[in-house]
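For the protein sequence lines, the chains are A and B, in the order given. With my numbering applied, the first sequence corresponds to residues 1 to 216, in that order. With my numbering applied, the second sequence corresponds to residues 1 to 206, in that order.
One or more hints might be untrue.
[Said to hold, decoys possible] Partial selection, computed: residues in chain B whose CB lies under 8 Å from chain A:
| id | residue |
| --- | --- |
| 1 | Y167 |
| 2 | Q179 |
| 3 | I182 |
[Said to hold, decoys possible] Residues from chain A that face chain B, not an exhaustive set, calculated with beta carbons under 7 Å:
| id | residue |
| --- | --- |
| 4 | A10 |
| 5 | D64 |
| 6 | L66 |
| 7 | N67 |
Calculated from the structure, these hints are not laboratory results. The beta-carbon is built from N, C-alpha and C at its ideal position, and this holds for glycine as well.
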Amino acid sequence: MKISHHFDDATLMAYSAGSLPQGMALLVACHLHWCEQCRERTRETDAVGGAMLDSLTPAMLTDDALNAVLACLDEPEQEFSLSKAEPLADDHLPAPLAQVLGKPIDDLPWKRIGYGVRQLDLELDGPGATRLLRISPGVSVPHHTHSGNELTLILQGSYSDEMGRFCRGDVADLDGEVSHQPIVDTDEDCICLIATDAPLKFSGLMGRLVQPFIGL
Amino acid sequence: MQENDAEGGDVNAAAVTPQEMTAEERRKQVRDDWSACLSALAETRDKSEFARLFAYFAPRVKAYILRLGMPEATAEEVAQEAMLLVWRKAHLFNAAKASASTWIFTLARNQSIDRMRRDKMPLYELPEEEPDPEHRDLGEHSVIEVRMKEAIATLPESQAQVLHLSYYEGKSHSEIADQLGIPLGSVKSRLRLAFSKLKAYWGEDS
Numbered sequence: 001m002k003i004s005h006h007f008d009d010a011t012l013m014a015y016s017a018g019s020l021p022q023g024m025a026l027l028v029a030c031h032l033h034w035c036e037q038c039r040e041r042t043r044e045t046d047a048v049g050g051a052m053l054d055s056l057t058p059a060m061l062t063d064d065a066l067n068a069v070l071a072c073l074d075e076p077e078q079e080f081s082l083s084k085a086e087p088l089a090d091d092h093l094p095a096p097l098a099q100v101l102g103k104p105i106d107d108l109p110w111k112r113i114g115y116g117v118r119q120l121d122l123e124l125d126g127p128g129a130t131r132l133l134r135i136s137p138g139v140s141v142p143h144h145t146h147s148g149n150e151l152t153l154i155l156q157g158s159y160s161d162e163m164g165r166f167c168r169g170d171v172a173d174l175d176g177e178v179s180h181q182p183i184v185d186t187d188e189d190c191i192c193l194i195a196t197d198a199p200l201k202f203s204g205l206m207g208r209l210v211q212p213f214i215g216l
Numbered sequence: 001m002q003e004n005d006a007e008g009g010d011v012n013a014a015a016v017t018p019q020e021m022t023a024e025e026r027r028k029q030v031r032d033d034w035s036a037c038l039s040a041l042a043e044t045r046d047k048s049e050f051a052r053l054f055a056y057f058a059p060r061v062k063a064y065i066l067r068l069g070m071p072e073a074t075a076e077e078v079a080q081e082a083m084l085l086v087w088r089k090a091h092l093f094n095a096a097k098a099s100a101s102t103w104i105f106t107l108a109r110n111q112s113i114d115r116m117r118r119d120k121m122p123l124y125e126l127p128e129e130e131p132d133p134e135h136r137d138l139g140e141h142s143v144i145e146v147r148m149k150e151a152i153a154t155l156p157e158s159q160a161q162v163l164h165l166s167y168y169e170g171k172s173h174s175e176i177a178d179q180l181g182i183p184l185g186s187v188k189s190r191l192r193l194a195f196s197k198l199k200a201y202w203g204e205d206s
């Protein structure tokens, strides 16, 4: 996979700091699964955390804290896997996403939200929203800007906008200063994962109408 | 660290005495010692070595978790859980890719996120490859971090502040923007500037 669009440094720093909302952290992990270059950069942003850990003023633990841990060392390791579902053997999707979805992408309950656009809300916790969009060839999303930060990872197909061409594996790392109008530029559906960190500004009927578009 | 610990013979083996080293060399020495100690733990499963790691890192991990805003009792518990993971995952530590401090930081961070998420969604960890024991060498990353700690101290206040709020207090970019009363874009550009300065300091080009 040839990846040409990567994350902003500030985004990888937030990932390393553990301060991204769940959906954005998922999206970053998905790209990292595919992108050696960003994995290497993440080692650097993690190292900032390591250096800071060293410089913290230690907070003493209670006297028996060490003994309590020592007593656990020989216990058989419990399964740490929090999700019972086996990750799908689906090379098409990055493993973290496949694990969350639990189904092949075509079996998901997609909802049609306008001409040539289908959506699936992952309904993750936290501020902002995380969703999959599936856009038909030739379809263009209306010109729009963003509120807060917004990450997009291309899972299949491609689109072009003012910033260039985005293909499978690429990420668009945008904030409120950017305005763009993506258009699907091959004869294949473009499927992307989109995560935001700001609560949606609209509600009610108006919100439902514009929700799919304020995010892309 | 416990210089007199009889169990730590390998760790404290140094060619030069502490008096002959510069401050930077001493810090690097300390860091390499802990990385070597952690690498050895995977082989020896020596509980006294683990106790030494615990004595140094557990209070730092707890301090970090407290800064994330967890109550005292929870912070203690999560720090213990993180240190238990250090024991269980020691075979996954690769000194060529991270220092002991960085690796333990990521374990503590993940354990904290896990605790804070009520709904127990899986953590999106990268697949972990067990390093070849032959190549579990100390890498350039440990050097990088010693320099970086000094670099962090040289950052302008405005950049050091966003770095701390992000890494230590786990604040999102939007939360930092609200707290400081500056635009989101300024938070991100300060972080970018801080990071590029840190990288310049450790002599590596992006």
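### Task
Find the hints from earlier in the document that the structure breaks and name them by number, from lowest to highest.
Violated hints (numbers, rising): 2, 3, 5 and 7; every other hint is consistent with the structure.
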